[in-house]
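Chains A and H, in that order, give the protein sequences. If you read the first sequence in numbering that gives the first Met the number 0, its first letter stands for residue 0, the second for the next number, and so on. If you read the second sequence in numbering that gives the first Met the number 0, its first letter stands for residue 0, the second for the next number, and so on.
The reader is advised that the hints may include incorrect statements.
Unchecked claim - Pulled a few chain A residues facing chain H out of the computed Cβ check, cut under 8 Å:
| id | residue |
| --- | --- |
| 1 | Tyr3 |
| 2 | Gly124 |
| 3 | Leu208 |
| 4 | Ser209 |
| 5 | Asp369 |
| 6 | Gly370 |
| 7 | Ile372 |
| 8 | Ile373 |
| 9 | Arg377 |
If you are wondering where the hints come from, they were derived from the structure by calculation, not from laboratory data. Just so it is clear, CB atoms sit at the ideal spot from N, CA and C, and this is done for glycine as well.
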Amino acid sequence: MSRYYEFFCPVKVIAGHAALEHLPYELTAIESTRPMIVTDQGVRAAGLLDPVISACQESEVTIAAIYDEVPPDSSTTIVRDIANLYRQQQCDALIAIGGGSSIDTAKAVNILVSEGGDDIAAYSGAGVLTRPLRPFFVIPTTAGTGSEVTSVAVIADRERSVKLPFTSSFLLPNAAIIDPRMTLTLPPHITAATAMDALTHATEAYTCLSKNPLSDAYATAAVKKIGQSLMKVMDNPGDEQGRLDLAEASTMAGIAFSNSMVGLVHALGHATGALTHLPHGLCMSLYLPYVLEYNLEEIREPLSELLLFLEGPEVWTATPASRRAEATISAIRHLRDELHHHCELPRTLRETGKVQEGQLDQIARQALDDGSIIYNPREASLKDIQEILKKAWG
Amino acid sequence: MFEKLSRSAGLRARRHYVQAMFRFMGHALEAISQVDRKVMDDARLLPNGLIFQMMVLPSGPSLVLEHTGEGRLRYLGPNYDGEVDLSIRFKHMAHAFLVLSFQEKTTEAFANDRMVVDGDISLAVRMTRVLDRMESIILPRLIASRAVKEYPDDLGLLQKVPGAIGVYRRVAFSMLRDLRKEALPI
Ligand SMILES: [Fe+2]
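Start from the sequences and build out the full structure, keeping to the hints where you can.
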């Protein structure tokens, strides 16, 4: 039987040198005159709002409101506050500037301001939304999450202490604007961790059960760009082309995994993040090699192919076909060690200093119930997961 | 004309098969959740009183189970139409048939977007494991290993399975035999 698959990505990508200056034209094209910016303090402090605002001013587009206090873990009350501000100021479009949290928050705000009401929880789940939302633009300031091209958002409901998932293709922005200026000043350890998140998106998309020819194309292109540019950018953070490569890789990996899903690395990462608040990208870096080892016999072929994209044609031809899958894993381990050398990105759970060995069992149990585990090529049991965690502990 | 007739007969047969399979799975899950430790361990963490439904869009048939506590599941019959807490819905009868005739694994069906989940995803993950386990126990090994992601290694000696389960295995065998008569590739 031939494979069946679905692939969907209606997001316009506006990328490269002077990309930000295209925003006013895009806003005018949909007759938006009162856009609102949703962002966080870090973005403002890094001066990243300035080029956006001045690009708009020069084209006579006024930003009607700015909310710049999105926390790293956004919540339903923040979504409600921002929606109220949007209504008060009679805004007509949303611009998210930031990483995963600002983008997810803006997606949720868009639900409220389009559908009405104050209770975002009412829209939680899949397939609840049935029509397009308000105009929405995303300007990522990290190169990792790929949230600018995914149709999900997760918002914490603190009163009931649950995380609310929202899934709908209507959450996708009209356009993602990828400008190297926005990631140029990203600190080394965040550059490293977010790039490892993107690498994990691409690798899992390429090796898990939902892989398909279209997501494969995006995944391999993303791996190639990360392989070529990550260490260059670590050596020379001001490398504009390298920064753009990583940002593009992140978007491509986002397109890949939102169409073919992720697997056990993310199941472990979600559980670890929820229980220990370790940054998501770091979790990916810690677990990726061990999960690939665990899945190895099921994914030997695609993993062998990734060597070509990660290490280039010379290494690929010099490696015997039967050793290529292992060589891909070694290359990823090597990358992890290099990053540790450059910016002390931890190599093991122990090295993070933020996880207790006693927490591993709880992480394993929670990972077993994570939605991503369905797409992992091997059926991981509690014991399997505990063993992977033991290795990642160090 | 004849072609049309036999086509609709085929579609009717498919619907009957899915209906029968749902009913069979309902009884089998209820029986297995009384004896199999792995199923009970997975089901135990479901909220008490949780109503789980697997159905074919737009309007059935469906399989509805209740978790009555301690990992035990109760089959609520083919005509249940009350509230449900967790629902896995096949987009089309054809997709339900692929899965229930073991031509496509449940996890594969997820990966292929054949189904939509309404409710807590982590509970759907658990229920998928329970369904896989039931299939591994009930089905002949050759078919089960095509139906589930990884055939469990603790099922080597199926003779050990308690008496009641044996009945379900025999029913499964005869359903599969009938399917085979209709020249399906299973
Ligand atoms: Fe990720």
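List of violated hint numbers, smallest to largest: none
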